[in-house]
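Undergrad: Okay, here's what each chain looks like letter by letter:
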Amino acid sequence: MLQLVFNKTTARASAPEPSGPARPAHPSALSELPEGAQGVIERLDLAEEVAHRLMALGFLPGVRVRAVRSAPGGDPRVYRVDGAEIALRCETAAQVKLRPPAANDAGA
Amino acid sequence: MKRTEECESCPLSAAAPRARVLAIVGPPNSGKSTLFNRLTGLSQKVANYPGVTVEQRIGKVRLGGDRDIALIDLPGVYSLVPCTEDERVAHDVLTGRMPGVPRPDAVIIVLDANVLSRHLMAAAPVLALGLPALVVLNMADELRSRGGQVDTAALSEHLGAPVALVSAVRGEGLEAVYDFLEGRLHAEAPKLDRALLGDFPRCRRWAQHLGERAWQPPEPSLWSRRLDGVFLHPVAGPLIFLGVVVAVFQAMFAGARPLMEGLQALIHSSGRWVSAVLPPGPLESLVSDGLWGGVGSVLVFLPQILLLFLFLGILEDSGYLARAALIADRTMARVGLQGKSFIPLISAYACAVPAVLATRTIENRRDRIATILVAPLMTCPARLPVYTLIIAAFLPERPLLGPLLGTRAAALLGLYALGLLAAIATARLLKSSILKSERTPFVLELPPYRRPTLRSLGLRLLDRGKIFLRRAGTVILGVTVLLWVLANLPIQDGRRPPIEHSYAGALGRAVEPLIRPLGFDWKIGVGLISSLAAREVIISTLGAIYGLEEEASSAGLQQAVRRDLTPAAALALLVFFAFAMQCISTIAVVRRETGGWKWPAIQFAYLGLLAYGGAFLAYRLASLLL
Chain B
1 MLQLVFNKTT ARASAPEPSG PARPAHPSAL SELPEGAQGV IERLDLAEEV AHRLMALGFL
61 PGVRVRAVRS APGGDPRVYR VDGAEIALRC ETAAQVKLRP PAANDAGA
Chain U
109 MKRTEECESC PLSAAAPRAR VLAIVGPPNS GKSTLFNRLT GLSQKVANYP GVTVEQRIGK
169 VRLGGDRDIA LIDLPGVYSL VPCTEDERVA HDVLTGRMPG VPRPDAVIIV LDANVLSRHL
229 MAAAPVLALG LPALVVLNMA DELRSRGGQV DTAALSEHLG APVALVSAVR GEGLEAVYDF
289 LEGRLHAEAP KLDRALLGDF PRCRRWAQHL GERAWQPPEP SLWSRRLDGV FLHPVAGPLI
349 FLGVVVAVFQ AMFAGARPLM EGLQALIHSS GRWVSAVLPP GPLESLVSDG LWGGVGSVLV
409 FLPQILLLFL FLGILEDSGY LARAALIADR TMARVGLQGK SFIPLISAYA CAVPAVLATR
469 TIENRRDRIA TILVAPLMTC PARLPVYTLI IAAFLPERPL LGPLLGTRAA ALLGLYALGL
529 LAAIATARLL KSSILKSERT PFVLELPPYR RPTLRSLGLR LLDRGKIFLR RAGTVILGVT
589 VLLWVLANLP IQDGRRPPIE HSYAGALGRA VEPLIRPLGF DWKIGVGLIS SLAAREVIIS
649 TLGAIYGLEE EASSAGLQQA VRRDLTPAAA LALLVFFAFA MQCISTIAVV RRETGGWKWP
709 AIQFAYLGLL AYGGAFLAYR LASLLL
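Sequence order for the protein chains is B and U.
Counted from 1, the first sequence has number 56 at position 56 by our numbering; the numbering is strictly sequential.
Here our numbering runs 108 ahead of the position in the second sequence, where the first position is 1.
Don't read these hints as lab results, they were simulated from the structure.
In this text the structure is predicted, and so the values were computed from the model without any measurement.
Where hints are given, some of them may not hold.
[Stated by the list, open to error] Below, in silico cross-link-like pairs of lysine to any residue (SDA-like), each with a Cα-Cα straight-line distance of 20 Å or less:
| # | chain 1 | residue 1 | chain 2 | residue 2 |
| --- | --- | --- | --- | --- |
| 1 | U | LYS544 | B | LYS97 |
| 2 | U | LYS539 | U | PRO309 |
| 3 | U | LYS544 | B | GLU49 |
| 4 | B | LYS97 | B | VAL40 |
| 5 | U | LYS539 | B | VAL40 |
| 6 | U | LYS539 | B | LYS97 |
| 7 | U | LYS544 | B | VAL50 |
| 8 | U | LYS544 | B | SER28 |
| 9 | B | LYS97 | U | PRO309 |
| 10 | U | LYS539 | B | SER28 |
| 11 | U | LYS574 | U | GLY586 |
| 12 | U | LYS574 | U | PRO411 |
| 13 | U | LYS539 | B | GLU49 |
| 14 | U | LYS168 | U | GLU193 |
| 15 | B | LYS97 | B | SER28 |
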């Protein structure tokens with residue numbers, strides 16, 4: 001079940017650069033979400049334990065997340081998910097990939 | 109029977125065999141511990157689960173006679189998938205796999221009513237275990253004031269477990285909790301699909317669905333958002349943060365001083381009274397020098413420690429500590445640590461003992477251990493008497509930067525910097541070597557701002573004070589008595605021997621070959637051994653050896669030290685004190701907090717080698733140059 005949600009093998013190999021051809025207007029990862037904007041999670045490209053931890057906090061595929069604010073230095077950033085505010089470092093948030101905007105979603 | 113064999117010191121084994129055992133479980137920031145404190149009051153025992161850094165809190169709910177209940181406060185967890193130590197402990201206790209802890213007869217699940225559907229996700233795996241359960245929706249007052257609502261009857265029906273809406277802070281709605289504790293509330297094992305276990309997406313769908321039916325979410329807390337606008341502001345945020353750090357620092361040094369001096373005077377005069385009452389002789393010397401002197405020198409730190417925990421308690425309970433961690437994270441990340449390490453490390457400038465206790469806010473075990481390991485490198489005030497003595501004896505006071513900075517102050521600052529640099533280097537080394545493998549990222553939940561309550565602050569101070577006093581009363585007492593015995597035996601002609609003929613003197617001579625390369629003689633050797641109890645004890649030991657007044661500022665002691673140490677050796681001694689872990693209290697508290705001897709042993713060995721190597725290098729280099 002879990003294996004459907006995150007991809008263990010790509011966790012270490014995948015580079016943080018945006019994958020695929022240029023999609024400039026749309027942020028492809030949580031870390032690129034402008035402050036105040038919302039996005040819907042597509043998948044977590046993180047090692048199993050890390051992904052587990054984030055999923056338990058509500059960072060799940062199909063869930064809508066809002067970038068609320070940043071720490072004074074710009075990193076970590078605070079995200080709002082399921083009514084809670086959670087700070088993640090950009091290195092982690094970069095691995096939380098977002099869905100293209102039109103897709104169907106759930107959550108608030 | 110087996111239970112007592114496995115863990116004799118566990119508070120639970122001492123409980124009457126028929127006493128019911130209940131566990132409180134819930135996600136972090138659900139007010140779980142507030143409810144636990146409400147129900148158990150002062151009858152709590154804090155220990156560590158075997159082999160882990162997780163705190164075991166067990167209290168007794170007094171219901172009268174044999175109806176008393178043992179209540180276990182489990183660590184705050186979002187899931188029972190045993191990934192982190194906290195989750196493993198919660199999982200093992202709830203499934204009856206924790207050695208020395210019986211499987212709970214029932215469980216109280218505490219959730220924050222303001223983020224119900226999110227917290228229901230954390231409740232699902234606990235409900236699925238099939239234990240009789242009460243679901244407590246906490247912070248009812250906040251839910252009300254922010255316009256939220258919850259249909260407890262509907263929720264109860266869906267969960268198959270009774271639901272109580274309470275405010276643990278205010279003590280509202282606790283009747284239902286007591287009814288459950290006394291077994292008056294109908295609670296059979298809840299029915300829940302076990303397939304929800306570990307399947308987060310499914311679990312979340314279930315929780316959302318349930319939340320939509322039975323819960324009207326409250327308006328977002330404007331307060332928290334406005335305060336975050338200030339506290340996390342790009343300019344104001346770091347300034348306020350700096351102000352808070354300075355205030356904590358100032359309180360620990362300046363604020364605690366009158367209290368510490370008062371306590372010192374009290375210990376001093378009571379010690380004198382005791383030595384006047386006792387007949388002169390070995391017993392009088394043991395009690396007044398050994399007990400009062402040794403334990404007293406550690407006890408004076410109590411006000412500082414309590415003050416620090418008062419501050420930390422206010423910061424943590426109000427929610428600011430999480431913001432401080434967020435602000436500090438970027439800087440701390442550069443040395444391989446994280447934001448939550450910052451405040452404990454700052455506290456270590458006052459004393460490493462509360463600093464080690466303060467690392468409890470770091471959930472990530474590796475980060476926590478790394479923070480504990482570097483904490484003793486921060487310059488604590490116990491080093492100051494040694495620094496003052498050596499600097500005053502060897503460095504003439506001359507202005508360096510006009511009247512602003514003299515040579516002696518500069519040397520002192522240099523020693524502070526030396527400790528800090530060693531801490532940074534050590535943290536980097538640790539995170540790139542033995543503590544590297546951990547992949548848990550920095551994840552920080554920002555709880556809404558809340559007003560700290562006197563009750564929770566008071567309980568926390570009591571808890572930390574007890575831990576410290578127990579250490580002072582056992583380990584430190586033992587070591588000081590041992591040192592006294594070494595310094596006062598063998599008896600010669602019915603009197604205590606001069607220190608060079610005592611066992612301590614013999615020990616000093618025995619280690620002399622080892623410390624000769626650092627430029628130290630046997631007298632410093634005795635001083636180093638005695639300073640294991642607490643660093644500043646070396647001053648009184650040297651005073652005894654030279655038969656002089658024990659004040660670090662006394663000219664006699666300075667002269668004596670100048671006679672016995674070359675300037676290069678004096679520098680080596682300073683470097684040694686900057687690095688070495690000469691503090692039984694810290695060793696004891698690290699053992700307690702890390703759940704075994706492994707980490708304190710590694711830490712002692714590492715800091716010892718660092719001290720020896722650093723002192724050796726300093727001695728050699730200085731011998732060449734001076």
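Undergrad: For U/LYS539 and B/VAL40, compute the direct alpha-carbon distance and say whether it is at most 20 Å.
TA: 34 Å, violated
Undergrad: Just to be careful, I want the Cα atoms of U/LYS544 and B/LYS97 compared with a cutoff of 20 Å; is the pair within it?
TA: With Cα atoms ~26 Å apart, U/LYS544 and B/LYS97 exceed 20 Å; violated.
Undergrad: Going straight from one Cα to the other, do B/LYS97 and B/SER28 come out at no more than 20 Å?
TA: At roughly 6 Å apart (the allowed maximum being 20 Å), B/SER28 and B/LYS97 satisfy the hint.
Undergrad: Just to be careful, I want the Cα atoms of U/LYS168 and U/GLU193 compared with a cutoff of 20 Å; is the pair within it?
TA: 25 Å, violated
Undergrad: Would you mind confirming whether the straight-line C-alpha gap from U/LYS544 to B/GLU49 stays at or under 20 Å?
TA: 15 Å, holds
Undergrad: Hey, U/LYS574 versus U/GLY586, does the alpha-carbon distance stay inside 20 Å?
TA: 18 Å, holds
Undergrad: Is the hinted pair U/LYS574 and U/PRO411 satisfied, with a Cα-Cα distance of at most 20 Å?
TA: 13 Å, holds
Undergrad: Taking 20 Å as the top limit, are the C-alpha atoms of B/LYS97 and B/VAL40 close enough?
TA: OK: B/LYS97 and B/VAL40 at ~9 Å, within 20 Å.
Undergrad: Taking 20 Å as the top limit, are the C-alpha atoms of U/LYS539 and B/SER28 close enough?
TA: 31 Å, violated
Undergrad: Is the hinted pair U/LYS544 and B/VAL50 satisfied, with a Cα-Cα distance of at most 20 Å?
TA: Holds, at roughly 15 Å.
Undergrad: Quick one, are U/LYS544 and B/SER28 close enough, alpha carbons at most 20 Å?
TA: 29 Å, violated
Undergrad: Are B/LYS97 and U/PRO309 close enough, with their CA atoms no more than 20 Å apart?
TA: 16 Å, holds
When held up to the earlier numbered hints, the structure conflicts with 1, 2, 5, 6, 8, 10, 14 and fits the remainder.
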